[in-house]
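Asker: Here are the chains, one letter per residue:
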Amino acid sequence: MGTTGIIFKRELAAYFSTPLAYVFIVIFLVMNGIATFDLGGFYQRGQADLQPFFNFHPWLYLFMIPALAMGLWADERKTGTIELLLTLPIQLHEAVIGKFLAAWVLSGCALALTFPIWLTVNYLGDPDNGVILAAYIGSWLMAGGFLAIGSCMSALTRNAVIAFILTAAICFLFVVSGSAIVMNAFTGWAPQTLIDAIATLSFLTHFEAISRGVLDIRDLLFFAAVIAAWLLASAVVIEIKKAN
Amino acid sequence: MIEISHLTRKFEHFTAVDDLSFTVAEGEVLGFLGPNGAGKSTTMKIITGFLAPSSGTVRVDGHDITENPMAVKALIGYLPEGAPSYPDMTVLEFLDFIAEIRGFSGQEKSRRIEQVINDVALGSVCEQSIDTLSKGFKRRVGLAQAILHDPKVLILDEPTDGLDPNQKHQVRQLIRNLAKDKIVIVSTHILEEVSAVCTRAIIIANGRIVADGSPQELEARAPTAAGLTEAPSAPGRLEAFFRSITEQGAL
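Read top to bottom, the protein sequences are chains P and Z. Each residue of the first sequence is one higher than the one before, starting from 1 at the first, in UniProt numbering. Each residue of the second sequence is one higher than the one before, starting from 1 at the first, in UniProt numbering.
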């Protein structure tokens, strides 16, 4: 097993050795249930799909994912273990990726445990399971994007609560950047290319495209690029801030 | 062999390490002394590859820390200040993690973990999570991870800070036993510790070396009129010397 794998294993075990992993999974499932059946009107719609379930995910991730990511680096700085970790014979990127993967796999586990909703819709009707699979992939990729942002914000501070708030704020900007809230602020004075550029940064637009069942390579690449860019930023921030 | 040459580290508002040069050879136990903020920890952080130097070089066994950090890190066992470790892991889990990162697996891994648990007497607590341990045990866990791979170079930042006299004695005993064919650098505030374990002492103040010699030599250089009526003990003389050279620097 490579060094990244060893760090991944330790981090994942650390989530499960505290109540964090269980609390995260339980709250995630409960919130998904409420969103799908009460807020989303799953039964009332009378359609055999999971749109109300997936539509809620960006907003759910907005406050759930920062909780997973906030401790990634802030806790290492707070307890001083960052000094231990980074003087072991490992490369910085191995630590950044290992930690990110552990959080991403945990969010993937929580997502996979929503399968009873998928069973329900298959029991009640005849949904397009290809679309549902695509939406699951899209949702997990979006969680990865949020987590990569969270990794970077966690590297900025030794205070996990500040990391939580920063992550939620930046993620909110990425979610709404294609919506009227942001677009109205730019139309009229900003050049069209800038407006288009901001609109393409929207998590919502790309996620909705995938969750309609269109696995466009551009949408997949978008999330891959977001994850890569924010993890790179994490490494840079750790390198700069570790002296303080 | 550790060769440090013209090492300087600047932070925004001050220079923590200022043109430091010295070498340490195998078999030496170097005591690193100085007032708080003198640059002891910063120097150790640079040697272990945690911080990058602003200028100057550090070579460990011929490997440059900035050019080949992985080779240097593999040679060094490091106990950072305060002996940080992951509080939610048990002692065994933690040592297992360190052993895997150090590249051990299978029987060799188990053998090494078993040995360090014996060396630092952690047997009674190895199933406990680290945050439930006393300060002395936490320090020993930190020592265990530092010596697990039998490193050529051992760097210990205040290894006995906050321990009771018995624990201090045990840690010193351990350092003496380990020291035979290694390079050991120990930072400390406790001057009697230098007399007890070190073969050489460097006193630094404001990032510069102000004295370098065997503990006996430094004791001999203590000012005779240090305000003491009785002939002081060896650590007392060392303390008098320490004060005479570091207080001047501070004023």
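Don't read these hints as lab results, they were simulated from the structure. Glycine included, every Cβ here is placed at the ideal spot set by N, Cα and C. One should not assume that every hint holds.
To be verified - Cβ-to-Cβ under 10 angstroms is the rule here; a few derived chain P residues that face chain Z:
no. : residue
1   : 6
2   : 9
3   : 10
4   : 18
5   : 38
6   : 121
7   : 122
8   : 125
9   : 127
10  : 197
11  : 200
Asker: Hint by hint, note whether the structure agrees.
Answerer: Evaluated hints:
The restraint placing residue 6 (chain P) at the interface with chain Z holds, with a minimum CB-CB distance near 5 angstroms, inside the 10 angstroms limit. Proximity of residue 9 (chain P) to chain Z holds as hinted, the smallest CB-CB distance being about 8 angstroms (cut-off 10 angstroms). Below 10 angstroms, beta-carbon pairs count as interface contacts, and residue 10 (chain P) has one with chain Z at about 5 angstroms; its hint therefore holds. A distance limit of 10 angstroms between C-beta atoms decides the matter here; for residue 18 (chain P) the minimum to chain Z is near 6 angstroms, and the interface restraint holds.
For residue 38 (chain P), the suggested interface contact is broken, since its CB lies about 36 angstroms from the closest CB of chain Z, more than 10 angstroms. Because the beta carbon of residue 121 (chain P) sits about 38 angstroms from the nearest beta carbon in chain Z, more than 10 angstroms, this interface hint is broken. The closest approach between the C-beta of residue 122 (chain P) and any C-beta of chain Z is roughly 39 angstroms, which is over the 10 angstroms cut-off, so the hint fails. Annotation: interface hint on residue 125 (chain P) violated; nearest CB of chain Z at approximately 45 angstroms, more than 10 angstroms.
A distance limit of 10 angstroms between C-beta atoms decides the matter here; for residue 127 (chain P) the minimum to chain Z is near 41 angstroms, and the interface restraint is violated. A least Cβ separation of about 35 angstroms between residue 197 (chain P) and chain Z goes past the 10 angstroms threshold, and the interface hint is therefore violated. Below 10 angstroms, beta-carbon pairs count as interface contacts, and residue 200 (chain P) has none with chain Z, the closest being about 37 angstroms; its hint is therefore violated.
Violated hints for the displayed structure, listed by number in ascending order: 5, 6, 7, 8, 9, 10 and 11.
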